[in-house]
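Could you slot chain B onto chain A? The hints should help.
There are 2 protein chains.
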Amino acid sequence: MKVIEIIKKDKNARLGILKTPHGEVETPVFMPVGTQGTIKAATHKDLKEIGVQMILSNAYHLYLRPGDDLIKEMGGIHRFSGWDNPILTDSGGYQIFSLGVLRRLRSDGVEFQSHIDGSRHFLTPERVVEIQKNIGSDIWMCLDECVPYPSTYEYTEKSVELTSRWAKRCKDAKKNGDGILFGIIQGGFYEDLRIKSARDLIDMDFDGYALGGLSVGEPKSLMWEMVDAVIGLLPEDKPRYLMGLGFPEDIVEGVKRGIDMFDCIIPTRVARNGGLFTWEGKINIKNAKYQKDKRPIDENCGCYTCRAYSRAYLRHLIVSHELTSFYLNTLHNIYFYNELLKKIREAIKEDRFDRFYEDFKLKWKGGEFCD
Amino acid sequence: MKVIEIIKKDKNARLGILKTPHGEVETPVFMPVGTQGTIKAATHKDLKEIGVQMILSNAYHLYLRPGDDLIKEMGGIHRFSGWDNPILTDSGGYQIFSLGVLRRLRSDGVEFQSHIDGSRHFLTPERVVEIQKNIGSDIWMCLDECVPYPSTYEYTEKSVELTSRWAKRCKDAKKNGDGILFGIIQGGFYEDLRIKSARDLIDMDFDGYALGGLSVGEPKSLMWEMVDAVIGLLPEDKPRYLMGLGFPEDIVEGVKRGIDMFDCIIPTRVARNGGLFTWEGKINIKNAKYQKDKRPIDENCGCYTCRAYSRAYLRHLIVSHELTSFYLNTLHNIYFYNELLKKIREAIKEDRFDRFYEDFKLKWKGGEFCD
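So the protein sequences, as listed, match chains A and B.
For the first sequence, my numbering assigns the number 1 to the initial residue and increments by one for each residue that follows.
For the second sequence, my numbering assigns the number 1 to the initial residue and increments by one for each residue that follows.
These are computed hints drawn from the structure, not numbers from a lab.
Hints are supplied without guarantee of correctness; some may be wrong.
Since copy identity is lost for identical chains, a pair holds within one copy or between any two.
Claimed, not checked - Okay, derived cross-link-like pairs now, EDC-like style, lysine to aspartate or glutamate, Cα gap no bigger than 16 angstroms in a straight line:
#	residue 1	residue 2
1	Lys72	Asp293
2	Lys48	Asp84
3	Lys175	Glu253
Looking at chain A on its own, in the form it has when it is part of the complex:
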């Protein structure tokens, strides 16, 4: 099955249609993160109104709670949650490796203790595929090892070998007719290991390729070096997914290099802390300067929050610890990211992505607060 159809290219930037069991998705796409099967503080109708095409969830979290067996019994994640657009599940490799002392790596899989109740678990590549099959998500990810930054060459080299072996086992565990499976390119911050990882996975012929283990504390320039090292190797007719990124400026950079898919907790997490995106940068709505500001967050934004609420009132809500604040801020940031990707796709369609990129960077004040 052809998972992506590339409709148009503007230099390296790609406009495509991703085909999933729950419908088509225009790429480049940004997937808001719903770790436990829901985007925190948002509802399905909000996401649909905004135009969110696809969300990300996490196989590790859903396996622990409510359990992949329960989700299977309920008819899969779409029926269980009521969200009927595509869902990609991350395998949870990243989450498991973030557990630190709570996990122990074995050559056949990974042992860990639940972050919820301390119960002991053992996950193999085969089981991770089975979990995602039970969940019934549209796109599945292989179990991988995500190495910390910095890690030694020797450790990273062994880790790439392990990730490749596990990828092969995931591929073998997947039956014909099952969901779409992506391999995850690792290799830390060693160009040759990144290339080795990419080649190993490409040889296995996955439905799509993800770049994992990035944005884990390294300098941004180093991260883009790793992307640049492998992006040219990836088959043109398969989707490319940059995992866990990022700020608007990162997405624009990724698209420029030929990335099709993004996910990140940033828009939703910073929203809950009062960080709101405008087309000039991110503002901190808690700032005293907004106390009497009658303007919306961004005068060019069409989201519900901007249509119905002032900065002054949004500041009052967050300063007063009101739950409505989480909700309104989340809607705005998801809308902002969705608009960003819409504008990116339009620019590629009209062969003016370079100009869009330059204009964006000219106005954009970066991921930190600009106010």
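Frame of chain A; chain B shown alone:
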């Protein structure tokens, strides 16, 4: 100005139209509580979609944060918050007296320390009227003293005298053309003091009368005795408001006695703890029995939560501490209360409130969890 028009009576139950600067409200009405100017976890569009006619906010809370001067500068609470339907503000008497050791009663007003930052404040009846004028709410409440249960006869007697003196000062502070001002009947749990309080206030000719200081820990039968002691004294052509109540069964009881207005934190607060109303009683959605329950909260409910989500998924959300849970549960309970009042109004309109009352009580399993 005639504040309420009684359209129809069915025995003591009254169907009316409450007239406020921000529009008309059909009574009996239930006002969800938005202490700090917002219903916790809900948005204006949700409330409008549900058909919420009027909300309650709290002058004491808004005075402390963001400040009545700021709200005035922003053009009043309606412009500041964006909610354009009527708003009633409680004076905060109840909240101030709940502060315990943090407040000191003086004959001219009440001294207290802010529950937010410990700062010292002094509020007089005149200032409380001014605060509500600055806030720009549609209906204002007098500053009153709410006595705890139990209190001695002597203390309660003096307190009624104070509340009456303060009520007079509030009335005098209100200028012609200002908002609608309600007096609050106190008197603890002494029938003759309740009657004295009611007579004092009726003599002052308020725009409406509230019954305060009830549901503060006393047996329910005693509470209804206090209501019954005064309800017959109240002028037919003025609105009657039972403050801070209650469970659905209390609202039905209140309407039967001729109450027009209700407010309570119950639907929103219990929602956040997983208590969801059905037409048979309140269920606890955290209960393990809902783990695989594909049904909506109530099969006869038309709210968004019931149309889009199953009990199993709502249980997953609350057990997983997801913010979306607060939101969806809140919407459901507000919808339920709104429907209850709609059904009550229809029953009065069609001269069948007694039958409605009997039918409701037959199915209803009370305010406690019924599952």
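Do the hints match the structure? See the list:
For the identical chains of this complex, Lys72 and Asp293 are inter-copy neighbours only, at 14 angstroms across copies versus 49 angstroms inside a copy, given an alpha-carbon limit of 16 angstroms. For the identical chains of this complex, Lys48 and Asp84 are intra-copy neighbours only, at 10 angstroms inside a copy versus 26 angstroms across copies, given an alpha-carbon limit of 16 angstroms. Neither within a single protomer nor between protomers do Lys175 and Glu253 lie at most 16 angstroms apart by alpha-carbon distance, with minima of 36 angstroms and 62 angstroms respectively.
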